[in-house]
Amino acid sequence: MNHFGFATPVALGFALLMALVAAAILHDASLARSLSTARLLHQRAFAAGEFGLARTVIELAPADAPIPAPRRATLPGHPTDSVETSVSEVLGTDLPIGYSAGRIVERHFEIRSIGWSLRNARVVQVEGLYRFALAGNP
Amino acid sequence: MKGPPGWMLSLAPAFFLATPLAAATVDSCIAESRTPIVLRTDSRAPPSPMKAFLIANLLPELRILDASGRPLWSAGATGRFTQLFPEMTAGFTSSVSALDLDGDGVHDRIYAGDLNGRLWRFDLYAGASPRLTGGVFADFGEDRIGRGFLAPPDVTLMAPAVGAPWLSIAIGTANTTPATVASTSSPLTHRFFVLRDHGPLERWTQKQHDRWKTLVMADLVLADDTLGEGEQIDARLAAGAGFYLNLGTNQVLAPALTLDGKTIFTVAHTTQSQLLPCGTGLQTRVAISVGAVSATDGSPAMDLDGSGLRDANDLNVSLDKLSSADASVTLAITDSGTENNINCSVDGQALPDCSLDTRLHRSFWRREDAD
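These protein sequence lines are chains A and B, in that order. Going by my numbering, the first sequence opens with residue 909, and the numbers climb by one from there. Going by my numbering, the second sequence opens with residue 11, and the numbers climb by one from there.
Just chain A, with the same shape it has in the complex:
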């Protein structure tokens, strides 16, 4: 008399199911870790960009400051992170609202700051600034 047992297939099926669940869990964990790392690196790139903006604003703060030259620098304390900044004067009007035409000018600047981190994480931030200045000054 042949007895076809069902325990073996059930056990095999269960083992397969468990393997699939384990694989899915591993995949999720790996993906979550990957996303988390990417987000962390992205945040570091963002912070690097913010650092570039803040530093450039300080350089541009004095009334007679020249436009800072483009440059790329490594962040202090984070050798893997860097920032690339550039400034351009995008507009100048000698008819600023509320100020003597031709004697006071309104100068508009655009700071472009690119923060870099590991795995080519990159964030580009652009900040617009304006100030009043004497006509004829740089």
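Quick caveat, the hints were computed from the structure, so don't treat them as lab data. Do not take every clue at face value.
Which bits of chain B does chain A cover? Going by a derived footprint, with three or more residues having C-beta under 8 Å, they are [what the hints assert, rightly or not]:
1. 106-112
2. 319-331
3. 360-374
Simulated restraints on C-beta separations [what the hints assert, rightly or not]:
4. A:P978 with B:N256: 54 to 60 Å
5. B:P46 with A:I966: 35 to 41 Å
6. A:E1018 with B:L94: 45 to 51 Å
7. A:S996 with B:A360: 31 to 37 Å
8. A:S996 with B:P170: 28 to 34 Å
9. A:G1036 with B:V172: 57 to 63 Å
10. B:G115 with A:P970: 41 to 47 Å
Quick reminder that beta carbons are idealized off the backbone N, C-alpha and C, glycines included.
Let chain A serve as the given structure and place chain B on it in line with the hints.
Quick look at chain B alone, frame taken from chain A:
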């Protein structure tokens, strides 16, 4: 056509037009001005900006010369001029301001005050040669008794949060008769005007200029010297023609300066006419007062006397020492150690509560990466 007298040609260009922010340390020779302007001419293809000079002097005419001195345009009442303006019967000397209204590097508008107390507005058009439309914008020289404009108009674009923008034109009168005449007649009284041009950016045709109802004293509001801080002169000002201050016998010989909607001006305490050739020895250092009004409502705008209040006393604050008759409010960068400040001064004397805010202001922030 007869040219200007030799002594007039020998005058240096009006120093405050050439360097409007430089300290005024020389006595006045304000009988002629040579205002740099940029025109757009279509005589070349493509049309390109061209540097030129607007010449004004004691003669009742205006001229535009190119950089090499070649005549490009002229205007007068009668005679051989490029354009005729029948009302152009007085000279303009140094009371000329040219404006670039659209930021394209080419001048679009000229305001000029003449020796008879009339303020002219001109609109510039591109052409094979310069072409202007223009006319008398305001006439405050009713009696033609030697009261007119010598200092350049100070022009400011004003744009309130609610309502249409306008150009604020600050200008004051001075003696325009020779000193000998002025000394034998009773001293003239003078005024400081802050006018409104409600067509700030539009270019008028000659027909529009001809239709313009010239502003006169009756159209303006007297900025009452009893007004306190924040008090409004009159509801009429909201859409009106502007306001004025009485200056007594003091004269306006230097351009005003407007900062953040506050117009600062100087007046010279002299009854002598400054329309004299340089080097005559008659130009003396005189007492100077300074005042500041809101270009919007005429109220005292700065605490110039350091009293802690902005009140009527701030409309006429005497400086400590004598100054050049045509001393203007200038702005100078002073290093305070940590950052640069731009402060107002008159002939080296600092003005309290008056400075230019040069701090950086954020206008926008955005991200450009696609992450």
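Quick rundown of the hints versus the structure:
1. 106-112: holds (count 5)
2. 319-331: violated (count 0)
3. 360-374: holds (count 9)
4. A:P978 with B:N256: 54 to 60 Å: For P978 (chain A) and N256 (chain B) the Cβ distance comes to about 57 Å; the hint holds.
5. B:P46 with A:I966: 35 to 41 Å: Hint holds: Cβ distance 36 Å, inside 35 to 41 Å.
6. A:E1018 with B:L94: 45 to 51 Å: With Cβ atoms ~49 Å apart, the hint holds.
7. A:S996 with B:A360: 31 to 37 Å: holds, 35 Å
8. A:S996 with B:P170: 28 to 34 Å: holds, 31 Å
9. A:G1036 with B:V172: 57 to 63 Å: violated, 25 Å
10. B:G115 with A:P970: 41 to 47 Å: violated, 27 Å
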